[in-house]
Amino acid sequence: MTDRTNVVRLRDTAADSGELSRDASRPRLEKPDAQSVKMRTVGLRAFYGDVQVLKAIDLPIVERQVTAVIGPSGCGKSTFVRSLNRMHEVVPGARIEGQVLLDERDIYARDVDPVRVRRRVGMVFQKPNPFPTLSIRDNVLAGLVLNRVRVSDPDALVEKALRQAALWDEVKDVLARSGTSLSGGQQQRLCMARALALEPEVLLMDEPCSALDPIATARVEELIHELRQSYTIVVVTHNMQQAARVANLTAFFYMGELVEYDRTDTVFTRPKERRTEDYITGRFG
Amino acid sequence: MKDRFFVRLFVDRALRGACLLSTVLALVPLASVLWFVVVRGAHGLSLTFFTGLPKPVGEPGGGMAHAIVGSLEIVGIACAMGIPAGVLAGIHLAESEDTRFGRFVRFSADVMAGVPSIAVGLFVYVLVVRRMQGFSALAGAIALAVLMLPTITRATEELLRLVPESLREAALGLGVPKWRATLRVMLRTAAPGIATGIMLAVARAMGESAPLLFTSFNNRGWASSPAEPTASLPVNIYTYAVSPYADWHEQAWAAALVLVTLVLCLNIAARWLVRGRLP
Amino acid sequence: MTAPARSGSLDLGYGSKLSGDAVFSRVTWVFALVVIVGLGAMAFEMAGASAPTLSVFGVEFVLGRVWDPLHRVFGALPFIYGTLVSSLLALVIAVPISFGVAIYLSELAASWQRDVLGFLVELLAAVPSVVYGLWGVFALAPWLRTSVEPALAKSLGFLPLFQGPIQGFGMLAGGVVLSIMILPTISSVSREVLRSVPSSLREGALALGATRSEMVRLAVLPYARSGLMGAVLLGLGRALGETMAITMVIGNRPEISASLFAPSYTMASVIANEFTEATGELHLAALAEIGLLLFVLTIALNVVARLLVGRVGRVAVRGRL
Numbered sequence: 001m002t003d004r005t006n007v008v009r010l011r012d013t014a015a016d017s018g019e020l021s022r023d024a025s026r027p028r029l030e031k032p033d034a035q036s037v038k039m040r041t042v043g044l045r046a047f048y049g050d051v052q053v054l055k056a057i058d059l060p061i062v063e064r065q066v067t068a069v070i071g072p073s074g075c076g077k078s079t080f081v082r083s084l085n086r087m088h089e090v091v092p093g094a095r096i097e098g099q100v101l102l103d104e105r106d107i108y109a110r111d112v113d114p115v116r117v118r119r120r121v122g123m124v125f126q127k128p129n130p131f132p133t134l135s136i137r138d139n140v141l142a143g144l145v146l147n148r149v150r151v152s153d154p155d156a157l158v159e160k161a162l163r164q165a166a167l168w169d170e171v172k173d174v175l176a177r178s179g180t181s182l183s184g185g186q187q188q189r190l191c192m193a194r195a196l197a198l199e200p201e202v203l204l205m206d207e208p209c210s211a212l213d214p215i216a217t218a219r220v221e222e223l224i225h226e227l228r229q230s231y232t233i234v235v236v237t238h239n240m241q242q243a244a245r246v247a248n249l250t251a252f253f254y255m256g257e258l259v260e261y262d263r264t265d266t267v268f269t270r271p272k273e274r275r276t277e278d279y280i281t282g283r284f285g
Numbered sequence: 001m002k003d004r005f006f007v008r009l010f011v012d013r014a015l016r017g018a019c020l021l022s023t024v025l026a027l028v029p030l031a032s033v034l035w036f037v038v039v040r041g042a043h044g045l046s047l048t049f050f051t052g053l054p055k056p057v058g059e060p061g062g063g064m065a066h067a068i069v070g071s072l073e074i075v076g077i078a079c080a081m082g083i084p085a086g087v088l089a090g091i092h093l094a095e096s097e098d099t100r101f102g103r104f105v106r107f108s109a110d111v112m113a114g115v116p117s118i119a120v121g122l123f124v125y126v127l128v129v130r131r132m133q134g135f136s137a138l139a140g141a142i143a144l145a146v147l148m149l150p151t152i153t154r155a156t157e158e159l160l161r162l163v164p165e166s167l168r169e170a171a172l173g174l175g176v177p178k179w180r181a182t183l184r185v186m187l188r189t190a191a192p193g194i195a196t197g198i199m200l201a202v203a204r205a206m207g208e209s210a211p212l213l214f215t216s217f218n219n220r221g222w223a224s225s226p227a228e229p230t231a232s233l234p235v236n237i238y239t240y241a242v243s244p245y246a247d248w249h250e251q252a253w254a255a256a257l258v259l260v261t262l263v264l265c266l267n268i269a270a271r272w273l274v275r276g277r278l279p
Numbered sequence: 001m002t003a004p005a006r007s008g009s010l011d012l013g014y015g016s017k018l019s020g021d022a023v024f025s026r027v028t029w030v031f032a033l034v035v036i037v038g039l040g041a042m043a044f045e046m047a048g049a050s051a052p053t054l055s056v057f058g059v060e061f062v063l064g065r066v067w068d069p070l071h072r073v074f075g076a077l078p079f080i081y082g083t084l085v086s087s088l089l090a091l092v093i094a095v096p097i098s099f100g101v102a103i104y105l106s107e108l109a110a111s112w113q114r115d116v117l118g119f120l121v122e123l124l125a126a127v128p129s130v131v132y133g134l135w136g137v138f139a140l141a142p143w144l145r146t147s148v149e150p151a152l153a154k155s156l157g158f159l160p161l162f163q164g165p166i167q168g169f170g171m172l173a174g175g176v177v178l179s180i181m182i183l184p185t186i187s188s189v190s191r192e193v194l195r196s197v198p199s200s201l202r203e204g205a206l207a208l209g210a211t212r213s214e215m216v217r218l219a220v221l222p223y224a225r226s227g228l229m230g231a232v233l234l235g236l237g238r239a240l241g242e243t244m245a246i247t248m249v250i251g252n253r254p255e256i257s258a259s260l261f262a263p264s265y266t267m268a269s270v271i272a273n274e275f276t277e278a279t280g281e282l283h284l285a286a287l288a289e290i291g292l293l294l295f296v297l298t299i300a301l302n303v304v305a306r307l308l309v310g311r312v313g314r315v316a317v318r319g320r321l
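Chains as they are written, first to last, in our numbering: chain A, 1 to 285; chain B, 1 to 279; chain C, 1 to 321.
Since the hints were made in silico from the structure, they are not lab data. Only a predicted model underlies this, so the values are computations on that prediction, with no experimental measurement involved. Think of the CB as a built atom: it goes at the ideal place given N, C-alpha and C, for glycine as much as any other residue. Please note that a few of the clues may not be correct.
To be verified - Facing chain C, a subset of chain B residues (Cβ under 10 Å, in silico):
#1 C19
#2 S22
#3 T23
#4 A26
#5 V57
#6 G90
#7 I91
#8 F107
#9 A119
#10 V124
To be verified - Here are some chain B residues pointing at chain A (derived, C-beta under 7 Å):
#11 G52
#12 L172
#13 V176
#14 R180
#15 L183
#16 R184
#17 T189
Unchecked claim - Below, computed lysine-lysine pairings styled on DSSO-like, alpha-carbon distance capped at 30 Å:
#18 A:K160 with B:K178
#19 A:K172 with A:K160
#20 A:K172 with A:K127
#21 B:K178 with A:K127
#22 A:K160 with A:K127
#23 A:K55 with A:K127
#24 A:K55 with A:K272
#25 A:K55 with B:K55
Using the sequences and the accompanying hints, generate a full structural model.
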């Protein structure tokens with residue numbers, strides 16, 4: 001039940017606009033009223049077979065903010081984001097209990113089509129996974145083509161998505177080349193462009209930089225920074241500096257529990273929980 | 001000490017030599033078969049071989065146009081039945097969770113692959129020929145399809161399993177339904193390898209004669225429909241080879257040259273398709 | 001950068017009740033079922049077709065030495081004998097060579113040799129059976145008659161195996177042709193089995209100062225023993241069911257003779273030769289029962305072989321690619 005109180009506490013903190021405005025360099029965190037909570041989980045539990053990997057998580061995802069999910073390996077942070085667009089159940093034996101509300105509608109309700117959920121809640125994976133049989137251009141369009149969406153001006157869409165992913169200048173002359181011919185960082189941005197071309201409302205990123213070198217990581221982080229103007233973003237990372245750099249809000253997971261959720265700077269400078277402090281000071285994980 | 005070392009070295013050399021010798025020995029029949037087929041087959045080849053029909057018994061000349069077309073027809077129909085069935089069954093094995101049913105299908109396919117082709121011919125005779133009251137290209141095609149089915153099923157399954165799961169996740173994450181992700185992403189990515197498996201199965205089916213002996217049977221002329229007895233190259237090679245006429249022997253060699261060329265081209269093309277791409 | 005479509009623009013519900021996934025998985029399920037049904041139907045239809053002789057002759061069918069369709073006497077022992085002996089002969093010739101090939105290609109050869117020679121050995125499997133038969137009739141049998149068999153009779157003629165009239169066509173020719181045809185099967189499966197031996201075992205042996213051949217003998221072969229046995233059984237399965245090539249060279253006479261020079265007959269050959277000209281239902285049923293026997297025998301062999309080789313499905317597929 002501590003999780004519930006954490007959420008309440010966040011609302012209290014966020015409501016205290018005086019404290020927020022003190023740090024002018026950070027984007028202002030609006031008061032998360034009902035309107036601005038894009039998604040929230042209610043008593044979310046996840047299982048692989050008999051093993052429970054998430055224990056009753058209650059967490060809001062605030063609209064047009066970047067929420068970082070941090071924690072040591074095996075803490076359930078990946079499972080958590082995968083449950084936000086019903087990718088968790090793709091693994092055999094995996095199941096979910098509790099609710100995940102998208103615009104206050106439960107995406108695990110019986111009559112909900114997971115395919116439609118995933119169109120609204122896009123995902124970028126840990127390892128870049130462009131389709132090897134498709135060109136760069138067709139990779140960007142893949143989501144639309146595979147969903148049989150008719151596009152009036154595909155070239156304009158490709159350009160727009162690649163510009164959003166800050167990849168256009170690097171690939172505009174080689175659009176016909178295979179998606180896998182790009183470098184790792186470029187591939188990951190291609191995967192982001194592919195997700196953005198579908199115009200999702202929420203973008204989930206599962207350790208998007210873990211397979212990338214520092215320079216590519218910086219580019220992707222920059223990109224996340226720009227994208228939060230128009231998207232609701234959830235980033236899983238095991239890299240605390242990264243969380244501090246890109247996220248306004250941070251949730252700390254430990255052993256399948258949500259330990260702490262607050263504004264990023266609060267989590268990193270004045271953690272309320274002992275375990276959070278131990279983790280961010282490097283005492284474990 | 002020193003002596004033993006030299007003995008060991010000698011034994012090592014001798015055993016290595018024996019292995020190399022076996023490999024060379026194994027290839028002698030291949031060389032001999034290909035040599036005979038090319039030399040004696042080229043002798044019997046002519047334009048009429050490809051365009052003409054057999055002359056009446058005892059009269060020299062004539063060709064095997066009907067058998068070439070018949071072979072292609074039977075194999076074509078077999079492909080139309082065996083390839084979709086095998087690929088879909090393979091998809092089921094690769095994509096569905098590990099169930100008892102799946103394991104039993106896999107086991108059946110493995111066992112089926114070991115059933116002698118003559119037994120398959122017998123089975124199709126009882127199942128089709130006896131019920132339709134006549135030999136037909138269709139029956140021959142069913143027999144070949146049964147032979148192709150397990151190979152294609154297992155090849156499709158194994159190659160789909162080689163496709164990284166991350167690609168399926170990418171497609172699902174884009175809101176693509178699972179079935180379309182399977183067909184358009186997984187199958188598409190595994191396609192070259194699966195095509196190789198299919199081509200090898202087709203090549204094997206093309207050279208089969210035992211299952212055709214009492215399904216498509218034979219025909220001295222053109223079959224007017226797939227419901228009639230139909231000539232094929234392998235069956236013709238057999239009947240011509242065991243006949244007493246020297247002219248027919250020559251035609252059997254020519255037919256063998258055509259058949260071997262077709263089969264080897266399919267084999268080489270199949271391997272060329274996946275050169276260096278399998279893990 | 002325009003804001004993407006917002007909430008409510010896409011509903012979450014199913015477009016239609018019947019989802020594509022359900023349809024697709026049912027369709028693939030049906031075709032998977034076809035594989036099982038096909039195998040079951042084979043057993044069922046052949047058992048049905050051989051019912052008449054099964055009831056008339058019973059065990060006598062397998063033990064009877066006389067095969068006389070005109071007088072409606074059907075004893076399949078000569079065919080069973082011919083099949084078993086020709087297959088064993090094929091194994092005696094093919095197994096050592098196949099193992100040599102497999103060891104050479106997996107342990108000794110340079111990588112380019114591996115590719116080229118491996119490909120050529122695989123091509124042996126690609127040549128159609130009937131072409132081997134043709135070659136057997138016009139190349140192998142004459143060679144055996146003029147060179148090999150006289151030499152064997154002269155040097156080993158004191159053995160009953162190498163006595164009697166020399167004809168070229170007969171058990172020896174059948175065994176040789178079969179051995180060529182099963183060689184690629186045994187060698188490619190063995191090669192995959194050897195490839196699955198952990199390289200740490202090899203390195204361990206080499207580090208102790210073993211020569212290459214000692215490494216193979218001491219570290220690789222013991223580990224691969226059951227897999228190699230499975231490879232041999234898969235080869236045997238192919239030999240038992242092989243039809244055309246052996247029909248063309250074995251002489252086709254239903255007699256049991258100790259001599260390898262004498263003509264013989266196999267189960268597959270008698271089906272191939274007599275089925276379309278069978279005289280009456282009982283004759284057809286007798287041939288069908290031989291087919292059934294062959295079917296059961298090869299299935300049993302394959303099951304055992306696959307258990308021995310373990311993941312032979314993967315092995316066989318890769319071996320073929």
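> How about B:T189: closest beta carbon in chain A under 7 Å, or not?
Replying inline: holds (5 Å)
> Between A:K55 and B:K55, is the straight-line Cα distance small enough, at 30 Å or below?
Replying inline: Roughly 84 Å between the alpha carbons, so the hint for A:K55 and B:K55 is violated.
> Should the interface hint for B:A26 be scored as holding, given a Cβ-Cβ cut-off of 10 Å against chain C?
Replying inline: Holds. Min distance 5 Å.
> Going by Cβ atoms only, is B:R184 closer than 7 Å to chain A?
Replying inline: holds (6 Å)
>> Given B:F107 as an interface hint, is its Cβ closer than 10 Å to any Cβ of chain C?
In response: holds (8 Å)
>> Can you verify the interface hint for B:T23: is its Cβ closer than 10 Å to any Cβ in chain C?
In response: With a minimum Cβ separation of about 5 Å from chain C (threshold 10 Å), the hint on B:T23 holds.
> Should the interface hint for B:C19 be scored as holding, given a Cβ-Cβ cut-off of 10 Å against chain C?
Replying inline: holds (4 Å)
> Is it true that the CA of A:K55 sits at most 30 Å from the CA of A:K127?
Replying inline: holds (27 Å)
>> Does the closest beta carbon of chain A sit nearer than 7 Å to the beta carbon of B:L172?
In response: holds (6 Å)
> Do the numbers back the hint for B:V176, that is, is its least Cβ distance to chain A under 7 Å?
Replying inline: Holds - the Cβ of B:V176 comes within 7 Å of chain A, reaching about 4 Å at its closest.
>> A closest beta-carbon separation below 10 Å is what the hint needs, so does B:G90 meet it against chain C?
In response: Result: holds, 9 Å to nearest chain C Cβ.
>> Checking hints one by one. Is B:I91 an interface residue toward chain C, by the C-beta closer than 10 Å rule?
In response: holds (5 Å)
In this structure, the hints that do not hold are numbers 5, 11, 15 and 25, in rising order.
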